[in-house]
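Generate coordinates for the entire structure from the input sequences, incorporating the hints supplied.
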Amino acid sequence: MAQTLGSVSASKAVPTVCHMHVGPRCRSPAQRADWQRRGCSQRSWRCRSLEQEYLSSLGGLVGYAGAQDDSSTASDGASRAPAAASDTDTIAAIVTGSAQGAVSIIRVSGKAAVPIAQQVFTPQSAAATRRRRAAAAQCTAADERAAWQPESHKVYYGSALDAEGAVLDEVLLLAMLAPRSYTSEDVVELHTHGGGVSAARVLQRCLEAGARLAQPGEFTLRAFLNGRLDLAQAESVAQLIDARTVAAADSALAGLAGGVGQIVQAMRTECLDLLVEMDVRIDFDEDLPPLDVPALVQRIQALSQQLAAALDTARQGQLLRSGLQVALVGRPNVGKSSLLNALSGTERAIVTAIAGTTRDIVEAGVVIGGVPITLLDTAGMRESSDMVEKIGVERSVAAARQADMVMLVVDAAAGWGPEDAEIAQQMFTSSSSGPAAWSSDWSSSSSDEEASSGSTSSGSKEHANGSGGGKRGAPALLVLNKVDLAQHAEQQQQQNGSSLQQSAHRCAVQQFGVPAAVANQFAAVVSTSAATREGLEALQQAVLRLAGAPQLAPGGVSWAVNERQGEALIRAKEALQRVQSSISDELPVDFWTIDLRAAVLALGEVSGEDVTEEVLDSIFSRFCIGK
Amino acid sequence: MSCNPSIGGLAKGILVREVDALDGLMGRAADAAGIQFRMLNASKGPAVRGPRAQMDRLLYKREVQRLLADVPGLTIRDGAVVDLLVDSRLGSSGPTTSSSSSSNSFGTRAGSGCDASAPVGGPAVAGVVLASGERILCRSVVVTTGTFLRGVIHIGSQSRPAGRVASLIATRAASKADTAAAAVRDAESTDTADEMAAGAATRLAQRFDELGFKLGRLKTGTPPRLDGRTIDWSVCTEQPSDDPATPFSFLDMQQPGWLPPAAQVSCYGTRTTAASEALVLDCMASGRGAVFGSGLTMGQGGAVEPRYCPSLETKFKRFPGRSHHVWLEPEGLGTDVVYPNGLSNSLEPEDQLRLLATVPGLEAARMLVPAYAVEYDYVDPRELLPSLETRRLRGLFLAGQINGTTGYEEAAAQGLVAGANAAAPGDPLLLSRSDAYLGVLVDDLVGRGTSEPYRMLSARAEFRLRLRPDTADLRLTGLGMELGLVGKERAAAFLQRRRHVSETAQLLDAVRLSSSAWARHGFQVAQDGDSISVAQMLTRAGTTLPQLAAAAAAERAAGWEQLQGLAAAAAGQQVPCGSSSSSSSNSSTCSTTGGGDGSSGWASGEWPSRCAVETAVADAHYRPYLNKMEAEVAELRRDEALRIPSNIDYSLLQLSAEDREKLTAARPASLAAAQRIPGVTPSALLMLLQHVRKRQPRGGGGSSSSSNSALAQAAAAEAASAGT
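Line by line, the protein sequences are chains Y and F.
For what it's worth, UniProt numbering labels the leading residue of the first sequence as 1, then goes sequentially.
For what it's worth, UniProt numbering labels the leading residue of the second sequence as 1, then goes sequentially.
One should not assume that every hint holds.
Partner residues aside, some chain F positions facing chain Y, computed with beta carbon under 8 Å [unchecked claim]:
1. L10
2. A11
3. G45
4. A47
5. D351
6. A459
7. G542
8. Y625
9. L689
10. R693
Some, not all, of what chain F presents toward chain Y, calculated at C-beta under 8 Å [said to hold, decoys possible]:
11. N41
12. K44
13. V48
14. S458
15. L538
16. A541
17. Q690
No lab work stands behind these hints: they were computed from the structure.
Bear in mind the structure is a predicted one, so any value in this text is a computation, not a measurement.
Ideal placement from N, C-alpha and C gives every residue a C-beta, glycine not left out.
See the structure below:
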């Protein structure tokens, strides 16, 4: 397909190796904020309908690019599609996942799939005809488009047009008419160029033309509901699409057995307790002591804080499913490419002794401790008059800004130099300035205002544990490469414990001349040799630790929450906020209980229990009720 | 009334209002027979308030009989039913009968129309057999056996089959002279009927067994009865009736200046002491007291009792070192019998006497009847459809304690649902959890069953902010009218009240002041320059209509005169009329056509009643929350619209054994109900969803369109049945 597209539109060919950061990355700050908003505003605030449940439970497993990734590109109107989605809608989403590829596929499924395609797409033959006819006679474009009828299971080449008729992209269209399609409905797939922008625009156009953004797992749900798949198949499709690694699959299946699960359980118990305190006073006109409102408010506040903390942890579970982007930056010829090759066990990047060999971003996938990690090798940062290299450097900066973690690679043999210092300074200063921060936004959940205003990480990066004080942005690693060539190499130890971490920092300062102030800004310092593979394991450990995922080693405790569970936590937190505002607005106690119950339900959704009976059980065991 | 003669209470009072909204008799009878009215939770929000009233037992009974006699088309036949006639021919339409009848243990009503909600095929009920041997043929039977189904009462270690203890002794002992003769006659006939019913109910229970119904056993208890003349009231706390009293019935509520027709009395409170606790614990330790069906005493955990209505033994055991409330409630105006609410126990009678001596005020009290416990059979309510018709036997409906519930209000609510559906199975009365406590009650019972006597609690109603006691009529009476359940008088009164509420709401929305104007009158509002309506102001805690009306009047805001009139109506004052008013004596109606300038009068010529204003104000108060709840309600409706066929064969679905067992036991009527069955897995629900969708008839065109139309039909049907 890539070749086909490439051949028909050479001008828009997208480099297959280069990594452009313009694509819809699933963890951009805006999208995370969106994830949060959707967690509550779009979903019902207490409990969701059955189908909604299924969608999200499947979505928790499926979580493919679909709705989540592209919601930020969709118009507000479209992304606020009714929560009570029924299969009367025609749905659309980019189905090719968040990873970059040469081609993106937009799938449209439902009754209106063909009419929508007719609005969005014009086959080339028709376009040619139209031009000819337009010259000869009066014939509107709309007429032309309506006249075109796709045949099932046939590929058409043509253009996707916006509402004014301007070309958005050259695309291939594949129609699969009901019932011979994945969902058993009319399905139209539009194959656009990869790289995100084209696909996002075409999707946007489909939404304007009447489609609704599909929710995660919704195509599969429809396939299942229409009898195309049995349940086992639906689940395995979901896993196939989503579980990028075995660890992710384990985590999804293990649910919340330990770790966060226990924390959630404890929070739920506390919430239930509070609810009982209030409910008992509503249902029983007994001589109970009056509610201690200040104490209740205090407990609710404490609970809100715990929830925020759990959410931070929970968010890290996303790593399991969507992986981690790690950018290798540094001045030229410090061995970034060698390091990438060594870590990924490939010869992905071309390595030469010539500084500036890498002109563009090279990416390599690697699984470390069960976490899918994308390593981004970048062009060495230096002033350059070479046009191509200059662009490469710009891309390096951009990639580092988008990455979840940045490794600054320095040449241990050469020691710390002014160029290294400049890059380091750029790393740590740019992060505090505006939206183009280095950071990706893990901690925006700590404050809803932050999230909704779309600002980036003004919150601290607690999960970059043990790092220097007050640092902002994505966690950064200092890698002292080529230690085999350095004189002090023999004194280096394997450093992977937190107690050794200090010594690594000290060592960097003392032996390689890294200024202490700079060294302390890094969350970890590791010495490696790409050539001898020395220190590579320590580097992997450090990456995992900085990702906040020390327990992610295969066979370890699964504490990741899936998207559905994450949303439940957010709903719980928002419910508690409403309780607090009901209390401060001096509304009567029956108002408080409604939202508190919503919080219990949301927390219970993680494990699915029955609230009413629990409340009653607790009331009757704790209070002497009954005349 | 076999237990405490009181009606209503928290959540239960809302059930009474709902029964009343559908033109049931309970609310009207309770208003006529109430001798102490109280609004519980009055300090909390209007959604969780519960009207409650102490009844005069005799007055209540007479009132119900009087109201029953007035029901058109109802023939009452007195007799004990001992057996059911069953027509086991498959798909038979059953015999028809022209007569309706009821007896004191259960009634039958002739059904009509088609059997839309009934199980398809299978055996059907064909009539009943009376103790006299007489057979009454009919299509529908509603069984309401109370606690009589194989009932055994335990008085201390003595036990005998009965549904309740004879009322004669107490009545004879404590009746006041002027009413004694009538009361004794009444008690005699009640006791005779009880005895017959107890015998009959035992035979009926055997019949249920034979028919394969899953039966369970429940226990409940009742305290001793005391002679009020021997109680030292001076040491007790008085609890007088509310003034003014709030009636149950919407009909009475709309009567301006309604007052309870019966004389009002007070209840009194006292408390148990450490000596009471020591005595009860000692009795339990020595193994004295009732031995239950399990062969164990209460102290040995011999019976499962309702958690919300624990016996004294349980209270002392579970919450040691505490004093417990005892409410002394009169059983009527013409009797000195007092019901000491809170002293329920199953101790030996002599121990009970010693117990009374430990409670302040009761030291010298004469015990007319000892406390006793009752064990009785109930049918697992999961045997029922949401119409309360049994799955096993078409045309057979069950209501009340036989379904595992407790309380008069719960029984009345079920009686109404079962009765309506028995009379017109083609026009079923099916209520959603989001519409009524009635819906919650039926859904809980039918979907989840119960292992203790089920009592309605507001904690069970997740949509309780929508289910206010004062909106029961607005929620249900319209539907009742469509189904033919509501009489003319109520229909007219309802339409009037609904109009009043909506006119009031319109005015509350229409009268607006600028934010600075509100601020001038001491209201803390954001100064964003927007004008704010009275309705919006009412969502704020602590704001009252009179305050807002005063501010509007001072600012001369459009509509301020009417608003002041409303505020006055809400305060129960004379409504100010137009200048030269033809003021009627009626405190809440006022004509604008009588020569006044009309400008200050009410648009439709008649001022909203106080209760209508209160409802509209509460609506405004709750509006933000109700709006938020709408989405949830819509979702619930959608899931409820996905009906699961009653004849679904779960063994044909790919389900785990556990899921299959749970679904088979509960037989949920809709996906919404299936979702609430504890422990059913999402996979099972998904299978069920697929199954339900698949069996919808396929239309032409794409597969999605066919299921859409089916969904739409289902939704339309649901909307129609919801009625609003």
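Okay, the hints, checked on the actual structure:
With a least beta-carbon distance of about 6 Å to chain Y, the hint placing L10(F) at the interface is held under the 8 Å criterion. The criterion of a C-beta within 8 Å of any C-beta in chain Y is met by A11(F), whose closest approach is roughly 7 Å, and the hint holds. This hint holds: G45(F) has a C-beta 4 Å from the nearest C-beta of chain Y, less than the 8 Å allowed. The interface hint given for A47(F) holds, since its Cβ lies 5 Å from the closest Cβ of chain Y, which is under the 8 Å cut-off.
Proximity of D351(F) to chain Y is violated relative to the hint, the smallest CB-CB distance being about 20 Å (cut-off 8 Å). This hint holds: A459(F) has a C-beta 5 Å from the nearest C-beta of chain Y, less than the 8 Å allowed. With a cut of 8 Å, the hint placing G542(F) at the interface with chain Y holds, because the nearest CB-to-CB distance is about 6 Å. For Y625(F), the interface hint holds, since its Cβ comes within 8 Å of a Cβ in chain Y; the closest pair sits about 6 Å apart.
Because the smallest distance between the Cβ of L689(F) and any Cβ of chain Y comes to about 7 Å, under 8 Å, the interface hint for this residue holds. Satisfaction of the interface hint for R693(F) is found here, the shortest Cβ-Cβ separation to chain Y being roughly 5 Å, below the 8 Å cut-off. Interface restraint check for N41(F): the shortest CB-CB distance to chain Y comes to about 7 Å, inside 8 Å, so the restraint holds. Nearest Cβ of chain Y to the Cβ of K44(F): about 5 Å, under the 8 Å cut. The hint holds.
For the restraint placing V48(F) at the interface with chain Y, the shortest Cβ-Cβ distance is roughly 5 Å, inside the 8 Å limit, so the hint holds. A least Cβ separation of about 5 Å between S458(F) and chain Y falls short of the 8 Å threshold, and the interface hint therefore holds. Proximity of L538(F) to chain Y is violated relative to the hint, the smallest CB-CB distance being about 12 Å (cut-off 8 Å). For the restraint placing A541(F) at the interface with chain Y, the shortest Cβ-Cβ distance is roughly 4 Å, inside the 8 Å limit, so the hint holds.
Annotation: interface hint on Q690(F) holds; nearest CB of chain Y at approximately 6 Å, less than 8 Å.
The structure fails hints 5, 15 (numbered hints given earlier, in ascending order).
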